[in-house]
Amino acid sequence: MINTTSHSIARLLLLLVLAGWSTVSLAHAEVGVAGGLVSGLLHPIFGLDHLLAMIAVGLWGAQLGMPAIYLLPITFPVVMAMGGLLGVIGMPLPHIEIGIALSGLALGAMIATNTRPALWIAATLVGLFAVFHGHAHGAEMPNAANPLAYGIGFVISTGLLHLTGIMIGLLIRWPIGAVVIRVCGAVISAFGMFFMVSSFGLVS
Amino acid sequence: MKLLRHLILPLLVLTFPEVAHAHLISTRFGEFYSGLLHPLTTLVHIVPWLALAMFASMQGKAFARRTLPLFPLAVGLGVILGYSLGGYQDVLILNIISFVVLGALVALSRPIPRYAGLAAVLLFAISHGYANGDVDLAHGSLTLYVVGVTSAAYIVVTLGAGAAATLSEKATWGRIVLRALGSWILASGLIYGGFELMGISGA
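Line order of the protein sequences matches chains X and Z. My numbering puts the first residue of the first sequence at 1, with every later residue one more than the last. My numbering puts the first residue of the second sequence at 1, with every later residue one more than the last.
Please keep in mind that the hints were generated in silico from the structure rather than gathered at the bench. Beta carbons are placed, not taken as given, at the ideal position from N, Cα and C, and that holds for glycine. Hints may be right or wrong, so weigh each one.
[Said to hold, decoys possible] Residues of chain Z placed beyond 10 Å of chain X at every Cβ, according to the derived structure:
| hint | residue |
| --- | --- |
| 1 | Leu37 |
| 2 | Arg65 |
| 3 | Pro69 |
| 4 | Tyr88 |
| 5 | Gln89 |
| 6 | Leu92 |
| 7 | Arg110 |
| 8 | Arg114 |
| 9 | Leu142 |
| 10 | Leu144 |
| 11 | Gly160 |
| 12 | Thr166 |
| 13 | Glu169 |
[As the list claims (entries may be wrong)] What follows is a set of in silico ranges between Cβ atoms, one per label pair, in the way DEER data are often shown:
| hint | chain 1 | residue 1 | chain 2 | residue 2 | range |
| --- | --- | --- | --- | --- | --- |
| 14 | Z | Gly60 | X | Ala34 | 33 to 41 Å |
| 15 | X | Gly20 | Z | His6 | 14 to 22 Å |
| 16 | Z | Leu197 | X | Ala34 | 21 to 29 Å |
| 17 | Z | Ile8 | X | Glu140 | 47 to 55 Å |
| 18 | Z | Ala163 | X | Val180 | 33 to 41 Å |
| 19 | X | Pro92 | Z | Leu137 | 40 to 48 Å |
| 20 | X | Ala34 | Z | Leu159 | 22 to 30 Å |
| 21 | Z | Ile112 | X | Val197 | 44 to 52 Å |
| 22 | X | Leu160 | Z | Ile8 | 47 to 55 Å |
| 23 | X | Met91 | Z | Leu73 | 38 to 46 Å |
| 24 | Z | Ala163 | X | Val183 | 34 to 42 Å |
| 25 | X | His95 | Z | Leu197 | 20 to 28 Å |
| 26 | X | Ala190 | Z | Gly60 | 44 to 52 Å |
Can you make the complete structure from the sequences, with help from the hints?
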């Protein structure tokens, strides 16, 4: 009797333990407001080409100083949203991958060489690249996700990546920090070059 | 066999649950909570309301003091209009425009004529109230629902404007943070507007 009862309990416990180890099935990923928000937040982070370019914008802004430190990160999301609109309405943008790769390559090179153009030139350059990034985000929105939440997610994520770049860029107040920033720029530029070569299909 | 009985009986009981009424959302002041939560849990309302709060604080304390009562009262009026004359979907385009206009005003951080600012506050408050009022309350109390939405508007605009004013006064980078947030809201509004124009609805 005791033996039978303990077997039953053991079976129940085993079932409970197995149930406790269940993993998320992700059968309904990217659905609704929460899905859209998470999807939008993660989209720029999981794409290394996006991530490095976003950080480069903040980094370059910090290197250029006031008012570029805040004007560039304010310009980028607004123009990116306009690019996103083009993606949403399905307007094709030629050589989009090359444009995104070029953003990392060019912005990284600007930082590495400590190039200081006029503010309007810097803002125009950043805005131009933002169109490519926005188009990619807009065109790749998951169908089931809440579009507003997705938009808010990727705008917040982009802004936080700019902030990361700015935080790294604050090292500029120390001479060694200025060198570190330029090295970061060179690394971003090198990745940009790699993405560029990849977009031409020369490496996989 | 015993085990089966012990499992089947609880399972059978579980298949006949009764509503607990543990939360007042469906009883007594239910419509008040419903009205309170409707805008607070809807991105299309809460985001531009926060932008409006930031805009009000950036226009100066005199402007903010006028906005604090004007906005919730106009939202309440909008709810009554929405409930009485619901169905005009074209009015809701103003809610999309509110994202863009308020986000841009915060991002630009420029003073605008007081009457123009208050007119914008009034217009957007009524359009957002209208959207909140276009609901089916069944036999619920409209008064409680209106008070709920109005309270939500007051809470958001008061706390938001207070936080924004404190941030821009206490921290040297406070106004920059607000402008950056404004640009984010503007960007989100542009994307949202695009999706709506494409007929991909979502809030």
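Consistency of the hints with the structure:
1. Leu37: The claim holds: Leu37 (chain Z) sits with its nearest Cβ about 14 Å from chain X, beyond 10 Å.
2. Arg65: 28 Å, holds
3. Pro69: 29 Å, holds
4. Tyr88: 21 Å, holds
5. Gln89: At about 17 Å from chain X, Gln89 (chain Z) clears the 10 Å cut-off, so the statement holds.
6. Leu92: 13 Å, holds
7. Arg110: 14 Å, holds
8. Arg114: 25 Å, holds
9. Leu142: Given a closest Cβ separation of 27 Å, the condition holds.
10. Leu144: Nearest chain X Cβ is 26 Å from Leu144 (chain Z), so the label holds.
11. Gly160: 16 Å, holds
12. Thr166: 19 Å, holds
13. Glu169: Since the minimum Cβ distance to chain X is about 18 Å, Glu169 (chain Z) lies beyond 10 Å and the statement holds.
14. Z:Gly60 - X:Ala34: 33 to 41 Å: 38 Å, holds
15. X:Gly20 - Z:His6: 14 to 22 Å: This hint holds: roughly 21 Å between Cβ atoms.
16. Z:Leu197 - X:Ala34: 21 to 29 Å: 25 Å, holds
17. Z:Ile8 - X:Glu140: 47 to 55 Å: Since the Cβ atoms of Ile8 (chain Z) and Glu140 (chain X) sit about 49 Å apart, the hinted range of 47 to 55 Å holds.
18. Z:Ala163 - X:Val180: 33 to 41 Å: Holds - the Cβ-Cβ distance for Ala163 (chain Z) and Val180 (chain X), about 35 Å, lies within 33 to 41 Å.
19. X:Pro92 - Z:Leu137: 40 to 48 Å: With Cβ atoms ~47 Å apart, the hint holds.
20. X:Ala34 - Z:Leu159: 22 to 30 Å: For Ala34 (chain X) and Leu159 (chain Z) the Cβ distance comes to about 24 Å; the hint holds.
21. Z:Ile112 - X:Val197: 44 to 52 Å: Holds - the Cβ-Cβ distance for Ile112 (chain Z) and Val197 (chain X), about 49 Å, lies within 44 to 52 Å.
22. X:Leu160 - Z:Ile8: 47 to 55 Å: Given a distance of about 52 Å, which is inside 47 to 55 Å, the answer is holds.
23. X:Met91 - Z:Leu73: 38 to 46 Å: 43 Å, holds
24. Z:Ala163 - X:Val183: 34 to 42 Å: 38 Å, holds
25. X:His95 - Z:Leu197: 20 to 28 Å: 26 Å, holds
26. X:Ala190 - Z:Gly60: 44 to 52 Å: Given about 49 Å between the Cβ atoms, the range holds.
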